[in-house]
Amino acid sequence: MIEIDSELCTGCGRCVKVCPVDVLEIKERKAVLTGDCISCGVCVSSCPEDVIEPVIQTAEVEDLSQYNGVWVFAEQQKGELKPTGPQLLGKGRELADELGEELCAVLIGNDIKDLSEELGSYGAEKIYVLDDDIFENYSTEAYTTALTSLISEYKPNILLYGATHLGRDLAPSVAGRMGLGLTADCTDLNIEEVEGRKMLLQTRPAFGGNVMADIVCPNSRPQMATVRPHVMSPMEPDKDHEFEVIEENVKVKEEAISTKVIEVLEPEGKAEIPIEEADVVVCGGRGVGTSEEDFELLREIADLLDGTVGCSRPIVEEDVMPKSRQVGQSGKTISPKLYIVCGVSGAIQHKVGIKDSDYIIGVNKDPDAPIFDVADFGIVGDLFEVLPLLIEKLKRIKEN
Amino acid sequence: MRFVVLVKQVPDTTEVEVDEETGTIIREGVPSTLNAFDEFALNVAVDIKEQKEEEVEIVALSMGPPQAEEALNKCLAIGADRAILLTDRAFAGADTWATAVTLSRALKKIGNVDLIFAGQEASDGNTAQVGPEVAAHRGLPQLTYVSEIEKLDPGEGNIVCKKETDEGHVRIKSDIPVVLACMPDPGFEPKIPNVREIMKAKKKPKEQWGIEDLGGKEDDFGLEGSESVVIETYSPPPKGEGIKIEEEPEKSVDELLKFLDEEGIL
Numbered sequence: 000m001i002e003i004d005s006e007l008c009t010g011c012g013r014c015v016k017v018c019p020v021d022v023l024e025i026k027e028r029k030a031v032l033t034g035d036c037i038s039c040g041v042c043v044s045s046c047p048e049d050v051i052e053p054v055i056q057t058a059e060v061e062d063l064s065q066y067n068g069v070w071v072f073a074e075q076q077k078g079e080l081k082p083t084g085p086q087l088l089g090k091g092r093e094l095a096d097e098l099g100e101e102l103c104a105v106l107i108g109n110d111i112k113d114l115s116e117e118l119g120s121y122g123a124e125k126i127y128v129l130d131d132d133i134f135e136n137y138s139t140e141a142y143t144t145a146l147t148s149l150i151s152e153y154k155p156n157i158l159l160y161g162a163t164h165l166g167r168d169l170a171p172s173v174a175g176r177m178g179l180g181l182t183a184d185c186t187d188l189n190i191e192e193v194e195g196r197k198m199l200l201q202t203r204p205a206f207g208g209n210v211m212a213d214i215v216c217p218n219s220r221p222q223m224a225t226v227r228p229h230v231m232s233p234m235e236p237d238k239d240h241e242f243e244v245i246e247e248n249v250k251v252k253e254e255a256i257s258t259k260v261i262e263v264l265e266p267e268g269k270a271e272i273p274i275e276e277a278d279v280v281v282c283g284g285r286g287v288g289t290s291e292e293d294f295e296l297l298r299e300i301a302d303l304l305d306g307t308v309g310c311s312r313p314i315v316e317e318d319v320m321p322k323s324r325q326v327g328q329s330g331k332t333i334s335p336k337l338y339i340v341c342g343v344s345g346a347i348q349h350k351v352g353i354k355d356s357d358y359i360i361g362v363n364k365d366p367d368a369p370i371f372d373v374a375d376f377g378i379v380g381d382l383f384e385v386l387p388l389l390i391e392k393l394k395r396i397k398e399n
Numbered sequence: 000m001r002f003v004v005l006v007k008q009v010p011d012t013t014e015v016e017v018d019e020e021t022g023t024i025i026r027e028g029v030p031s032t033l034n035a036f037d038e039f040a041l042n043v044a045v046d047i048k049e050q051k052e053e054e055v056e057i058v059a060l061s062m063g064p065p066q067a068e069e070a071l072n073k074c075l076a077i078g079a080d081r082a083i084l085l086t087d088r089a090f091a092g093a094d095t096w097a098t099a100v101t102l103s104r105a106l107k108k109i110g111n112v113d114l115i116f117a118g119q120e121a122s123d124g125n126t127a128q129v130g131p132e133v134a135a136h137r138g139l140p141q142l143t144y145v146s147e148i149e150k151l152d153p154g155e156g157n158i159v160c161k162k163e164t165d166e167g168h169v170r171i172k173s174d175i176p177v178v179l180a181c182m183p184d185p186g187f188e189p190k191i192p193n194v195r196e197i198m199k200a201k202k203k204p205k206e207q208w209g210i211e212d213l214g215g216k217e218d219d220f221g222l223e224g225s226e227s228v229v230i231e232t233y234s235p236p237p238k239g240e241g242i243k244i245e246e247e248p249e250k251s252v253d254e255l256l257k258f259l260d261e262e263g264i265l
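Protein sequence lines correspond, in order, to chains A and B. For the first sequence, numbering that gives the first Met the number 0 begins at 0 and goes up steadily by one. For the second sequence, numbering that gives the first Met the number 0 begins at 0 and goes up steadily by one.
By construction, these hints were calculated from the structure, which means they are not laboratory data. In this text, a Cβ means the ideal position worked out from N, Cα and C, and glycines have one as well. Please note that a few of the clues may not be correct.
In silico DSBU-like pairs for lysine-lysine, Cα to Cα no more than 35 Å straight-line [unchecked claim]:
no.	chain 1	residue 1	chain 2	residue 2
1	A	77	A	29
2	B	250	A	364
3	A	397	B	243
4	B	202	B	48
5	B	238	A	197
6	A	81	B	48
Rough simulated footprint, nothing fancy, chain A against chain B, three-plus residues with beta-carbon under 8 Å [what the hints assert, rightly or not]:
no.	stretch
7	53–62
8	88–99
9	121–127
10	163–171
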């Protein structure tokens, strides 16, 4: 909801122009609300006089029962589904079954309807599709408006996002517009009875993983969380799984968007898998060397294991690899199935970024390197001797 | 112009422990510091101020216990012109939403803010939510993962920034006012204030605002005003002791492959 200070309103009409649901009008030279506000906040930011204030309405506990369904925001980039969508549907299925509610996906983009098939095969029963030019490139404002509008109309009980850069930009924007609780970077989700009501128990690490916290949102719906990529597993896709596509139409107007990408920088030439999405990450540090050729050994192992290559902070500082490949607290927090780390001593900032990997394999010359404290399997040795042997043996295994 | 930088005082380590009896985080004896990403955001703000001919006022704004004043002192030494600490018993226990509400009210009271800076996330909670929630609450656009401000054009009312995305980096333009959640590229060296700057900082204005300064009811703030509730904190389950071998490379690699095979990874 919003509140308009009609004394100060000049009746310029800008808010009327940007409102995606057309519930604002100018009457007697003042803006007035004439219908159901979806709390998207677009008018608030459009007002040149700063006289529109968002009003957050806190729901009464009894109203919360109208909220129903487990929703997953299925992120896509240029018409390709990100792995977080299927992963969240995997977890979402468990939660929905536990609650006896529907599992739904939300798909936003331009010309992306075809992706519904894929989401359906991963278990979504209903897929809400918002397909429009305006959603071609991600903008916080357009996507926030889209989601607040869907939430206001359909009242989901739970809404999950992947904790990608995009998810961590969008989810708090939606939470902030609607006054909802939100838990960041969850590593586990469960349904638990708290104070006699079934709630989403959200488990997340804090203090760089040294503390775990269980969190609930008792008084706001949907219960929202961002979830670390890769922590949840998708179900086996089933092409025969039935699903319903609901095409929605939210008209976000060009004028309502204040940000615009003017240039995409350093597009990743080769279509390399982002480190946070890969099952296997082979990471190198200063011990590997500081030229691109030095990383060839690591690349070869990554290729043999269908993984990708990452690096520690000094390697980015030396300009050998882009920032997007940096593992650790000041780079990316990752949780692959297999993390092979070579020539990285393992400063706390690095360890924090890899803690949730299923298996950590460390190779380092220094038997006291801190990386061995977190490694499931550590090899003390010269990586230039160890890695070529590993490559040779992996090739042999692959051939057989 | 006026810039406000949102800052947080955080424990100077991530190696904190949980009191197994009470389930709360042990804060005693843990030194505090200015959150590193906030320090970066402040450095960015100070850089722009130095480049601009027109008058720019930088306000460092924090919410926290009275001790958080130390972090604000550091901000003043780095280059903030004044500091405001939001401190009140009623603000305690706030989640990101209640924190954003409190900061938003203060921003409104400060008034005429052209740019709001924040660190991308704090090293204690790591949520990355307060910046965007402030933006949403104030009805402002937001840019997250900002690593550089390339151009600020107050006449045109816009700003051009470099920001990190899931795919790489983009150059992005936004109307101002805007909330910028900042994260440095590697290699960033924060400005270390000299003695003269530290002395000068002592004379800069500092204020403390409580609930009566911000207005509103007590249950809008702190734990009461929060939408998310922590019901338990605990130490993560300890990881089993790993294997470490120091053998001939041939043997080491064979052992590794055996391990990977046994764990069903290959």
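**Request:** Could you check the structure against the hints above and give me the numbers of any it violates, in ascending order?
**Result:** 1, 6, 7
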